[in-house]
Amino acid sequence: MVDKAAIARQFIEAIPHARALGMTLTEIGNGEAAITMPYNVELVGDPRTGVIHGGAVFAVLDTCCGAAVMSHPSAPGGTATIDLRIDYMRAATPGQTITTRATCYHITRNVAFVRATAMDENQDLPVATASGSFTVEGL
Amino acid sequence: MARKRPEPVQVVKQRRDAALNAIVDGVPYIRFMDFSFDRRGDELTGVLNYDEKLIGNPILPALHGGVTAAFLEVTAVITLSWEYFLPSIESGELDAEQIARDETIRFPKTVDFTVDYLRSGLPRDAYARAIISRSGRRYASVRVEAWQDNHARPFAQATGHFLMPQPMTKGS
Numbered sequence: 696m697v698d699k700a701a702i703a704r705q706f707i708e709a710i711p712h713a714r715a716l717g718m719t720l721t722e723i724g725n726g727e728a729a730i731t732m733p734y735n736v737e738l739v740g741d742p743r744t745g746v747i748h749g750g751a752v753f754a755v756l757d758t759c760c761g762a763a764v765m766s767h768p769s770a771p772g773g774t775a776t777i778d779l780r781i782d783y784m785r786a787a788t789p790g791q792t793i794t795t796r797a798t799c800y801h802i803t804r805n806v807a808f809v810r811a812t813a814m815d816e817n818q819d820l821p822v823a824t825a826s827g828s829f830t831v832e833g834l
Numbered sequence: 410m411a412r413k414r415p416e417p418v419q420v421v422k423q424r425r426d427a428a429l430n431a432i433v434d435g436v437p438y439i440r441f442m443d444f445s446f447d448r449r450g451d452e453l454t455g456v457l458n459y460d461e462k463l464i465g466n467p468i469l470p471a472l473h474g475g476v477t478a479a480f481l482e483v484t485a486v487i488t489l490s491w492e493y494f495l496p497s498i499e500s501g502e503l504d505a506e507q508i509a510r511d512e513t514i515r516f517p518k519t520v521d522f523t524v525d526y527l528r529s530g531l532p533r534d535a536y537a538r539a540i541i542s543r544s545g546r547r548y549a550s551v552r553v554e555a556w557q558d559n560h561a562r563p564f565a566q567a568t569g570h571f572l573m574p575q576p577m578t579k580g581s
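From first to last, the protein sequence lines are chains L and C. Terminal number for the first sequence in our numbering: 834, no gaps in between. Terminal number for the second sequence in our numbering: 581, no gaps in between.
Everything labelled a hint here was simulated from the structure, so no lab data went into it. It should be emphasised that the depicted structure is a prediction, and the values quoted were computed from it without experimental measurement. Even for Gly, the Cβ is constructed at its ideal location relative to N, Cα and C. Treat the hints loosely; a few may be bogus.
[Said to hold, decoys possible] Now the in silico label distances, taken between C-beta atoms and shown as ranges:
#  : chain 1 : residue 1 : chain 2 : residue 2 : range
1  : L       : G790      : C       : L572      : 20 to 26 Å
2  : C       : D460      : L       : T830      : 24 to 30 Å
3  : L       : R804      : C       : V421      : 55 to 61 Å
4  : C       : D525      : L       : D819      : 28 to 34 Å
5  : C       : S542      : L       : M784      : 45 to 51 Å
6  : C       : P576      : L       : Y800      : 38 to 44 Å
7  : L       : T830      : C       : E461      : 23 to 29 Å
8  : C       : N430      : L       : G745      : 17 to 23 Å
9  : C       : V421      : L       : G772      : 53 to 59 Å
10 : L       : L820      : C       : D525      : 26 to 32 Å
11 : L       : Q705      : C       : P576      : 50 to 56 Å
12 : C       : E512      : L       : T830      : 42 to 48 Å
Could you build the full structure based on these sequences and the hints that come with them?
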């Protein structure tokens, strides 16, 4: 049997932009994935506060959602984002690692539905939440 | 009655370009991504300068969906900030130096952002333009689209809501 988790991990870690942002895939399998991104001053969106730019958070959430789709037992292989919406609840605390978790909660032959959250070290309130739809493609 | 003599072109250009640079250059993330802005009159065009680190699918290859989203969001926020600050820049109330240094100046904040991926982003430069659908005292609604070779064939579009900076009031 093909180890899809291993393929997915390899695939994520070979993405140039994932490497540029310092993303690490920490969990994957059964339609769920977790990816972390350490704090980096180069990714700051507002130098007055040192808060990470929402665009970087979006990139991690998008990657995490894609990984969740690929790890779903019914997914044949690849995926691409059709649409993704992000709600920004609060500023991420400067200096803290961002952890994203995504769940592919439904998948059809053509479309995968995903939701995700981004947290910093304060686990009480997410920094951002995301929901979107992804394509389902063969390997 | 004679109208006021228009300012020399270099003075106008210098003031506007300096103000725009102050808004854009202050953001480390925009520098990291190497996004830039082209100003023609009051119209801004975001430019994504292609680099290998922006790739999300090395097999195709294609731009990372997060890069496309970030590019659209940055274009939306900068366009909104530009329109918000422009009257004070033109009246002389605000200059580039203040935008860059004044700690009390605030920028619009993203509340939510929805990206529609229309086709895959090719490994080359991209352009984006934002349209402010509504800008109120507290909230603004912005549409933005990005294209590469052909403006009539956008590869992504987005819509977002933003919280506008609140004027400083006593006691806050």
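Broken hints, by number: 5
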